[in-house]
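With the sequences and hints as input, model every part of the structure.
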Amino acid sequence: MSKDILVIGGGIAGMQSSLDLADMGIKVHLVEKLPSIGGKMAQLDKTFPTNDCAI
Amino acid sequence: MLDVGRHPNIELLAYSEVEKVEGEAGNFSVTVRRKARYVREDRCTGCGACAEKCPTLVPDAFNEGLRNRKAIYSLFAQGIPSTHTIDADHCRQMNGKKCGICAKTCQAEAIDFDQKDRILELNVAAIIIAAGYDVFDPSQIPEYRYQEIPNVVTAIEFERLLSASGPTGGHLDRPSDRAIEADIEEMEKSAGKSQKALVKFEEKYGESSAAFYEKYQSGAYPDDEDRKKWADKYADHLTVVEPLEALRKKAEGFDVARRLAFIQCVGSRDFRFYPFCSGYCCMHSIKEAIIAHEHGPDTTSTIFGMDIRAVGKGFEEYKIRGGNHSNITYVRGRVAEIVEGPDNNPVVIYEDTRERKVKRQEFDMVILATACAPSKGIAALVKTVGVELDPYNFLKTSPLSPVDTTTPGIFVCGCAESPMDVPESVAQASSAAERAAEIVFQTDLIKEKAVA
Chain A
1 MSKDILVIGG GIAGMQSSLD LADMGIKVHL VEKLPSIGGK MAQLDKTFPT NDCAI
Chain B
1 MLDVGRHPNI ELLAYSEVEK VEGEAGNFSV TVRRKARYVR EDRCTGCGAC AEKCPTLVPD
61 AFNEGLRNRK AIYSLFAQGI PSTHTIDADH CRQMNGKKCG ICAKTCQAEA IDFDQKDRIL
121 ELNVAAIIIA AGYDVFDPSQ IPEYRYQEIP NVVTAIEFER LLSASGPTGG HLDRPSDRAI
181 EADIEEMEKS AGKSQKALVK FEEKYGESSA AFYEKYQSGA YPDDEDRKKW ADKYADHLTV
241 VEPLEALRKK AEGFDVARRL AFIQCVGSRD FRFYPFCSGY CCMHSIKEAI IAHEHGPDTT
301 STIFGMDIRA VGKGFEEYKI RGGNHSNITY VRGRVAEIVE GPDNNPVVIY EDTRERKVKR
361 QEFDMVILAT ACAPSKGIAA LVKTVGVELD PYNFLKTSPL SPVDTTTPGI FVCGCAESPM
421 DVPESVAQAS SAAERAAEIV FQTDLIKEKA VA
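Chains as they are written, first to last, in my numbering: chain A, 1 to 55; chain B, 1 to 452.
Fair warning: there could be bad hints in the mix.
[Unchecked claim] Within a straight-line C-alpha distance of at most 27 Å, the following computed DSS-like cross-link-like pairs (lysine-lysine) qualify: (1) B:116 to A:33; (2) B:193 to B:215; (3) A:40 to B:35; (4) A:40 to B:376.
If you are wondering where the hints come from, they were derived from the structure by calculation, not from laboratory data.
See the structure below:
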């Protein structure tokens with residue numbers, strides 16, 4: 001039996017899940033297809049409705 | 001992103017794909033293929049010296065092809081991990097040509113052309129699928145002439161043009177103008193080369209090429225082979241220089257885009273493609289219009305849509321603020337067609353449903369708010385993982401358990417489940433994390449019971 005969790009996809013959703021689980025003390029394996037994480041959100045300049053920087 | 005890279009409990013497996021999943025909730029065996037980067041992760045410092053020296057240019061997918069990257073690259077400047085990757089399809093060395101400049105440049109000796117894919121076996125209690133989405137390809141809609149008219153771009157391309165770290169450094173340079181500027185640069189290079197050759201002849205014979213060419217054409221030097229070469233070179237030079245001057249003159253009048261049109265529901269709420277509402281595009285267009293106005297206070301934007309769906313905390317206020325302070329006009333009507341007018345200006349033909357009139361309006365640039373389409377790789381992924389899709393190819397869930405897939409122990413969040421914006425994705429991600437954690441803690445409880 002394992003206590004680890006696998007997250008597939010390193011976009012905003014995958015990163016948030018991974019961080020939440022990791023903060024609970026659970027070991028997370030985050031698999032991303034591309035060379036870096038960030039997903040579509042990293043391509044955005046700012047996010048609505050606060051115009052915060054996406055990265 | 002940085003937090004994810006640094007967290008001691010997260011093992012980041014970037015540039016990897018899941019190949020096989022077996023087992024059940026609480027006990028899945030997963031096979032992960034770590035694709036070869038041809039750069040050693042333990043040595044690469046991400047300094048980028050290799051990418052600076054690499055001679056091969058490849059269209060940069062991160063910047064939607066609006067800029068080139070090298071064959072050895074990091075996805076984007078702040079990318080985590082910062083380890084560079086060799087694009088084996090384009091690298092000269094990997095395709096049997098002589099190169100290896102990156103290996104010579106790399107002080108950390110991280111380049112390894114013989115690196116192989118590695119297979120990793122994992123044992124996990126639960127799986128979260130956050131595979132995201134793809135942007136709808138608007139070239140499927142012939143009447144919008146995406147890719148035919150250069151100044152018709154997608155929302156994500158426009159996002160890169162607005163970005164300070166993007167291909168234009170945040171200036172709204174129009175793609176048609178950028179293409180001409182690239183042509184000018186190319187022609188200047190070739191004119192510079194031919195100029196050098198002409199200078200050699202001029203020094204040899206002590207007269208200017210123009211004066212010589214006039215004499216040559218009037219029949220002087222009939223049997224002089226060397227002078228014939230000179231004349232041919234000069235004639236070639238003229239064929240480049242004359243159009244170059246014309247283009248330079250044209251480029252003097254280039255300005256940033258100031259009149260913007262945003263077209264909503266491109267691919268979504270359209271029975272030919274996706275009948276659903278993608279949810280975030282109305283707000284995305286408003287945001288882009290507001291940011292464009294911040295970049296240039298005389299920028300005006302017109303948003304064409306059936307209705308503006310500003311559903312969310314603070315969204316309606318944002319929409320109104322855009323109208324009041326950022327020169328945004330909202331037009332109710334679906335755009336019928338985009339045609340190209342003078343100066344590469346796109347002309348939008350639409351029916352203003354408030355006035356019941358068909359109108360034409362010219363803009364500097366048109367931005368298509370493209371639909372959130374299911375990701376292309378999702379069908380293969382769900383087959384590997386063993387979950388079901390809904391009719392649109394998003395992951396199948398039920399309204400009362402929106403993060404549970406059809407297989408126990410496997411959860412979904414973000415746009416892989418359905419189209420959603422950033423705040424919703426984050427909320428759903430936390431929810432999926434909690435559902436997955438339940439399984440981990442349940443296995444603890446079962447063990448405790450067994451001991452008791």
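For each hint, the structure was consulted:
1. Distance hint between residue 116 (chain B) and residue 33 (chain A) is fulfilled; the C-alpha atoms sit about 16 Å from each other, no more than 27 Å.
2. Restraint check for residue 193 (chain B) and residue 215 (chain B): satisfied, since their Cα atoms lie roughly 24 Å apart, inside the 27 Å limit.
3. At roughly 21 Å between alpha-carbon atoms, residue 40 (chain A) and residue 35 (chain B) fall within 27 Å of each other, so this suggested pair holds.
4. For a cut-off of 27 Å, the pair hint linking residue 40 (chain A) to residue 376 (chain B) stands: about 14 Å separates their Cα positions.
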